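A.B. asks: Sequence:
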Amino acid sequence: MKVITTFLATVAIASLALARQDNTVFHVDTARDATIAYNGFRDSNGNADAYTPKGNDDTLVSFKGNRDYRRILLGYDLPREIEDTSHITKCTLNVPKPAQPVDQDYTLTAYTASSNWEESTVDAGTKIISDKIVGSESFPAGKYSGTIDITGACQAAAEGKFSLFVDTSQPLVVFNSQNSGKATFSVDIVY
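With the working numbering as the guide, the letters of the sequence shown map in order to residues 1 to 191.
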């Protein structure tokens, strides 16, 4: 009996020695963001709205209409301390207060997106692959912030980067972009 107890104590001590230290939470601000328009509209100069980059705008727009929709594109750089994304245990997208009041319930859905884009040039013609829903959250009218679990997107980061499309069920939700200097989207990563 004493041998078994000693053995179990040795195994427990060895397990503790091999265990990772306490998880660290990293707060990561958006590195790049843009609104992508998918429509056939033209501006007063005849330029196609879908091919006009909006990455330097002060707002991010998610909109779903009959012939027009807009998606928010967010890009993040992982902290250098995160060397193995499989060790990420939780990742949440922090949703800020909308820049304009929203008077109806709405849902935001986050999709993985490829990170082959630049903020100043991205538009509807940029070949951004988006194939997987990674999280969704409903927001009641009057609730102005919350989180969406996007752990799968963080774990799938490649070359230290990951991107997300954010769509809405509401006809129009507007947020501040990082260019506005006001509160915008961010991510908390538990590693």
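Quick caveat, the hints were computed from the structure, so don't treat them as lab data.
This one's a predicted model, so the numbers in the text were calculated from it and none came from an experiment.
Any given hint might turn out to be false.
To be verified - Listed below are the simulated DMTMM-like cross-link pairs for lysine to aspartate or glutamate, each with C-alpha atoms no more than 20 angstroms apart in a straight line:
hint	residue 1	residue 2
1	Lys54	Asp103
2	Lys90	Asp29
3	Lys143	Glu119
4	Lys143	Asp84
5	Lys54	Asp105
6	Lys127	Asp58
7	Lys161	Asp131
A.B. asks: Any hints this thing doesn't respect? Which numbers, in order?
C.D. replies: The structure conflicts with hints 1, 3, 4, 5 and 6, although it agrees with all the remaining ones.
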